[in-house]
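Read top to bottom, the protein sequences are chains A and B.
Okay, so the first sequence: first residue is 1 according to the UniProt record's numbering, each after it adds one.
Okay, so the second sequence: first residue is 1 according to the UniProt record's numbering, each after it adds one.
Worth flagging that the hints you see were computed from the coordinates, not collected in a lab.
Incorrect hints may appear among the rest.
[What the hints assert, rightly or not] Here are the simulated distance ranges between beta carbons:
| id | chain 1 | residue 1 | chain 2 | residue 2 | range |
| --- | --- | --- | --- | --- | --- |
| 1 | A | Val228 | B | Ala174 | 32 to 38 Å |
| 2 | B | Leu35 | A | Asp162 | 39 to 45 Å |
| 3 | B | Gly340 | A | Glu254 | 53 to 59 Å |
| 4 | A | Arg152 | B | Ala341 | 43 to 49 Å |
| 5 | A | Phe150 | B | Leu35 | 38 to 44 Å |
| 6 | B | Trp124 | A | Glu127 | 50 to 56 Å |
| 7 | B | Tyr163 | A | Glu127 | 20 to 26 Å |
| 8 | B | Arg158 | A | Glu225 | 34 to 40 Å |
| 9 | B | Val21 | A | Val228 | 52 to 58 Å |
| 10 | A | Glu225 | B | Tyr163 | 54 to 60 Å |
| 11 | A | Glu127 | B | Thr4 | 30 to 36 Å |
| 12 | B | Val159 | A | Gln121 | 23 to 29 Å |
[What the hints assert, rightly or not] Subject to a maximum C-alpha distance of 30 Å in a straight line, what follows is the list of computed DSSO-like cross-link-like pairs (lysine-lysine):
| id | chain 1 | residue 1 | chain 2 | residue 2 |
| --- | --- | --- | --- | --- |
| 13 | A | Lys52 | A | Lys122 |
| 14 | B | Lys258 | A | Lys105 |
| 15 | B | Lys258 | A | Lys200 |
| 16 | B | Lys258 | A | Lys87 |
| 17 | B | Lys12 | B | Lys258 |
| 18 | B | Lys55 | A | Lys156 |
| 19 | A | Lys248 | A | Lys52 |
[Stated by the list, open to error] One side only, chain B facing chain A, incomplete, derived with CB under 8 Å:
| id | residue |
| --- | --- |
| 20 | Lys55 |
| 21 | Gly185 |
| 22 | Ser205 |
| 23 | Gly206 |
| 24 | Arg240 |
| 25 | Ala241 |
| 26 | Arg248 |
| 27 | Phe251 |
| 28 | Leu252 |
| 29 | Ile259 |
| 30 | Phe262 |
| 31 | Val266 |
Cβ atoms here follow ideal geometry from the backbone N, Cα and C, with glycine treated the same way.
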Amino acid sequence: MTDTQSQSQSQSQPVPAAAKAPINPALAPTPSARKDTLLYLDGVSRSFDGFKAINELSFVLAMGEMRAIIGPNGAGKTTMMDIITGKTRPDKGDVFFMGDIDLTKHDEPTIAQMGIGRKFQKPTVFETQTVADNLLLSLKGERRGIPALFYRDNRKDRRTIDGILDKIRLGHRRDELAAYLSHGQKQWLEIGMLLAQDPKLLLVDEPVAGMTDAETEETARLLREIAVDHSVVVVEHDMGFVRDLGVKVTCLHEGHVLSEGSLDHVSSDPQVVEVYLGR
Amino acid sequence: MLFTRFLAGGLKSPVIIGALVVILAIGVIVPVLNLAVAPGSAFHIPDHMVPLFGKYLCYAMAALALDLVWGYCGILSLGHGAFFALGGYAMGMHLMREIGDRGVYGNAVLPDFMVFLNWKELPWFWHGFDSFVFACIMVAAAPGILAFVFGWFAFRSRVTGVYLSIITQAMTYALLLAFFRNDMGFGGNNGLTDFKDVLGFDLQSGRVRSTLFFLTAFFLALNLLIAAAIVGSKYGKILRAVRDAEPRTRFLGYRPDKIKLFAWTVSAIMAGVAGALYVPQVGIINPGEFAPANSIEMVVWTAVGGRGTLVGPIGGAILVNAAKSWFTGVLPEYWLFALGALFIFTTLYLPDGVAGLIRKMVGKARSKPRGKDEETEAPAADAPAGAAE
Numbered sequence: 001m002t003d004t005q006s007q008s009q010s011q012s013q014p015v016p017a018a019a020k021a022p023i024n025p026a027l028a029p030t031p032s033a034r035k036d037t038l039l040y041l042d043g044v045s046r047s048f049d050g051f052k053a054i055n056e057l058s059f060v061l062a063m064g065e066m067r068a069i070i071g072p073n074g075a076g077k078t079t080m081m082d083i084i085t086g087k088t089r090p091d092k093g094d095v096f097f098m099g100d101i102d103l104t105k106h107d108e109p110t111i112a113q114m115g116i117g118r119k120f121q122k123p124t125v126f127e128t129q130t131v132a133d134n135l136l137l138s139l140k141g142e143r144r145g146i147p148a149l150f151y152r153d154n155r156k157d158r159r160t161i162d163g164i165l166d167k168i169r170l171g172h173r174r175d176e177l178a179a180y181l182s183h184g185q186k187q188w189l190e191i192g193m194l195l196a197q198d199p200k201l202l203l204v205d206e207p208v209a210g211m212t213d214a215e216t217e218e219t220a221r222l223l224r225e226i227a228v229d230h231s232v233v234v235v236e237h238d239m240g241f242v243r244d245l246g247v248k249v250t251c252l253h254e255g256h257v258l259s260e261g262s263l264d265h266v267s268s269d270p271q272v273v274e275v276y277l278g279r
Numbered sequence: 001m002l003f004t005r006f007l008a009g010g011l012k013s014p015v016i017i018g019a020l021v022v023i024l025a026i027g028v029i030v031p032v033l034n035l036a037v038a039p040g041s042a043f044h045i046p047d048h049m050v051p052l053f054g055k056y057l058c059y060a061m062a063a064l065a066l067d068l069v070w071g072y073c074g075i076l077s078l079g080h081g082a083f084f085a086l087g088g089y090a091m092g093m094h095l096m097r098e099i100g101d102r103g104v105y106g107n108a109v110l111p112d113f114m115v116f117l118n119w120k121e122l123p124w125f126w127h128g129f130d131s132f133v134f135a136c137i138m139v140a141a142a143p144g145i146l147a148f149v150f151g152w153f154a155f156r157s158r159v160t161g162v163y164l165s166i167i168t169q170a171m172t173y174a175l176l177l178a179f180f181r182n183d184m185g186f187g188g189n190n191g192l193t194d195f196k197d198v199l200g201f202d203l204q205s206g207r208v209r210s211t212l213f214f215l216t217a218f219f220l221a222l223n224l225l226i227a228a229a230i231v232g233s234k235y236g237k238i239l240r241a242v243r244d245a246e247p248r249t250r251f252l253g254y255r256p257d258k259i260k261l262f263a264w265t266v267s268a269i270m271a272g273v274a275g276a277l278y279v280p281q282v283g284i285i286n287p288g289e290f291a292p293a294n295s296i297e298m299v300v301w302t303a304v305g306g307r308g309t310l311v312g313p314i315g316g317a318i319l320v321n322a323a324k325s326w327f328t329g330v331l332p333e334y335w336l337f338a339l340g341a342l343f344i345f346t347t348l349y350l351p352d353g354v355a356g357l358i359r360k361m362v363g364k365a366r367s368k369p370r371g372k373d374e375e376t377e378a379p380a381a382d383a384p385a386g387a388a389e
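Can you make the complete structure from the sequences, with help from the hints?
Pasting the structure below:
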């Protein structure tokens, strides 16, 4: 009892940033600022068999913001997404959504229903079902099984699906099996599935990996369009693509934030240059 | 009503409609050929064949139930025989109560095996089985509750694939051992037999046999309709999504454990109904029905017929069992080899079973495959009337 009390106290009372020893105090968010954020990570750590995948990571995303995350392999980008979506629990640290929802206390389906959508590095669409059905399954709303037995096709849902199909340029393949789509088209379909979920926050992991230049350009356009009315976090290696997005960039390294700012600022940061080119 | 609209959803595919018509037609034709056609005629179906065909239809129902979870939900159950047997025991217990004082020992309260074991009173769990309605509820409730509890824990712990198959096998094996014990109160290794009547009608009479046969066909058709409606609904799409990419569905906000639990429980109840119809036609239920080999045979029927097609496994069960009847009559010692060879052949050369083969041939004939799940012909409508058992 006293334990939980002291815990909730420590959450509500502003703790000096230095007490949590973030790597770079200037970047550390203060809890009082949490209220206006969409996503708030503070002092998050997670290790696997002694390897610190995430190390005292602090990260803040404002409502409506689009952010690109870059970083070398093993920087902890995917683990960070796993923590946000409830797939992995952090060893310590705070993870809050919309200011006061503690994400470490919920599992994947609950977090998804609260409004965090995720696109995986490897496109995972439902291959044995049609493109339209993939979107139907993703449509925001009822998630229980038995009501789905009595679901009826309706004009509202069909219109939403058609709207998304137009956006992701797959209208002409509506009734084909998703398995027959090209790699790039599957990526778009998955972005479309995110749109159908209409989440408050979209986490997009390497959307242009394995895409042609034309497809990459198209994807950047798509994401910019989405960012107009959604908050988006994009993880990406492709610097040209990140430049196309034209948003604030966070560079991760060894599980913590190395540098943050515009792409020009980040790419001229000597620490970043060191990490990317130094060895 | 919501439920009729749901069932109407099962009638979207012409293949399902065709299969329903064929099954119901068989349900009428076989009794007619048995009762109304003179014994000397070439079209007459002898008395012993009616329950034999009825048995095939019960097996077909079990294969259909298995297909719902294996074909559409990716759960390879090696324990569906347990649900079949539980439904059978529930019906068997009622039939035992109907014997009354006509048993060997003439005891009006206790079945013969309890008198033999020197029991003084009826165990608590036998109470209520005097009522046919209660027994019918238990036919669904016993396998349904077992499946629900088993599935609740297994799916929540995210046990999948081979591991899940193994524990389903362990489940039926555990029940086999339990039901073999005399002090369980289910007749030990002899099981329940010597049934006389059902609802006051003599089980040996031709009319009762024919009625049972028709009811089996009717329930097979009903279960097929329900399964088709489930698979064709949005829930069916979710089910297939869980089968193909379970972790992905979690990030869409679905709870795969709950999604699977529903189909799993419905499937167990279907298998239970099949067992309940099987017992009065075969005249006995014993712990042998829990044997893992029985459950594995169901998997073979489903695989041969074509999993994920609903209609295929029905044909598969009828075909394989007709072959079994013929084989065990002609070359009894080679049947298991033939069954094994059939399974290997199917796995290697017919991954989608007979239904898949027919679908491919029909697709070629039309030269334009429609790529739908239910695009199969209704197979094996006429079970070869080859041999007696």
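To see whether the hints hold, each was checked on the structure:
1. Between Val228 (chain A) and Ala174 (chain B) the Cβ separation comes to about 59 Å, which falls outside the hinted range of 32 to 38 Å.
2. For Leu35 (chain B) and Asp162 (chain A), the Cβ-Cβ distance of about 58 Å falls outside the hinted range of 39 to 45 Å, so the restraint is violated.
3. Checked against the given bound of 53 to 59 Å, the beta carbons of Gly340 (chain B) and Glu254 (chain A), roughly 56 Å apart, stay inside it.
4. For the pair Arg152 (chain A) and Ala341 (chain B), the supplied restraint of 43 to 49 Å holds, since their beta-carbon distance comes to about 47 Å.
5. A hinted range of 38 to 44 Å holds for the C-beta pair Phe150 (chain A) and Leu35 (chain B), which are about 41 Å apart.
6. Checking the proposed 50 to 56 Å range against Trp124 (chain B) and Glu127 (chain A) shows it holds: the Cβ atoms sit about 52 Å from each other.
7. The supplied range of 20 to 26 Å is met by Tyr163 (chain B) and Glu127 (chain A), whose beta-carbon atoms lie about 24 Å from each other.
8. A beta carbon spacing of about 37 Å between Arg158 (chain B) and Glu225 (chain A) agrees with the range 34 to 40 Å that was offered as a hint.
9. Between Val21 (chain B) and Val228 (chain A) the Cβ separation comes to about 54 Å, which falls inside the hinted range of 52 to 58 Å.
10. A C-beta distance of roughly 44 Å is found between Glu225 (chain A) and Tyr163 (chain B), which places it outside the suggested range of 54 to 60 Å.
11. Our hint of 30 to 36 Å for Glu127 (chain A) and Thr4 (chain B) holds, since their Cβ atoms are close to 33 Å apart.
12. In this structure the hint that Val159 (chain B) and Gln121 (chain A) lie 23 to 29 Å apart at CB holds, the actual value being about 26 Å.
13. For the hint linking Lys52 (chain A) to Lys122 (chain A), the alpha-carbon distance of about 24 Å falls within 30 Å, and the restraint holds.
14. Distance hint between Lys258 (chain B) and Lys105 (chain A) is fulfilled; the C-alpha atoms sit about 20 Å from each other, no more than 30 Å.
15. Taking the CA atoms of Lys258 (chain B) and Lys200 (chain A), the gap is near 25 Å; set against the 30 Å cutoff, the hint holds.
16. At roughly 18 Å between alpha-carbon atoms, Lys258 (chain B) and Lys87 (chain A) fall within 30 Å of each other, so this suggested pair holds.
17. Under the criterion of a C-alpha separation no larger than 30 Å, the hint pairing Lys12 (chain B) with Lys258 (chain B) is consistent with the structure, at around 26 Å.
18. Taking the CA atoms of Lys55 (chain B) and Lys156 (chain A), the gap is near 48 Å; set against the 30 Å cutoff, the hint is violated.
19. With a C-alpha separation of about 26 Å, the suggested pairing of Lys248 (chain A) with Lys52 (chain A) holds against the 30 Å cut-off.
20. A distance limit of 8 Å between C-beta atoms decides the matter here; for Lys55 (chain B) the minimum to chain A is near 31 Å, and the interface restraint is violated.
21. For Gly185 (chain B), the suggested interface contact is broken, since its CB lies about 36 Å from the closest CB of chain A, more than 8 Å.
22. Taken as an interface hint, Ser205 (chain B) does not check out: its beta carbon lies about 41 Å from the nearest beta carbon of chain A, beyond 8 Å.
23. Because the closest C-beta pair between Gly206 (chain B) and chain A is about 40 Å apart, greater than 8 Å, the hint is violated.
24. At about 6 Å, the closest approach between the beta carbon of Arg240 (chain B) and any beta carbon in chain A falls short of 8 Å, and the interface hint on this residue holds.
25. Restraint check, Ala241 (chain B) versus chain A: the minimum CB separation of about 5 Å is within 8 Å; hint holds.
26. Taking 8 Å as the C-beta contact cut-off toward chain A, the hint placing Arg248 (chain B) at the interface holds, the least distance being around 5 Å.
27. For Phe251 (chain B), the shortest C-beta to C-beta distance to chain A is roughly 5 Å, which falls under 8 Å, so the interface hint holds.
28. Because the closest C-beta pair between Leu252 (chain B) and chain A is about 6 Å apart, less than 8 Å, the hint holds.
29. Because the closest C-beta pair between Ile259 (chain B) and chain A is about 5 Å apart, less than 8 Å, the hint holds.
30. A distance limit of 8 Å between C-beta atoms decides the matter here; for Phe262 (chain B) the minimum to chain A is near 5 Å, and the interface restraint holds.
31. Among the interface hints, the one on Val266 (chain B) is violated; its C-beta lies about 10 Å from the nearest C-beta in chain A, farther than the 8 Å criterion.
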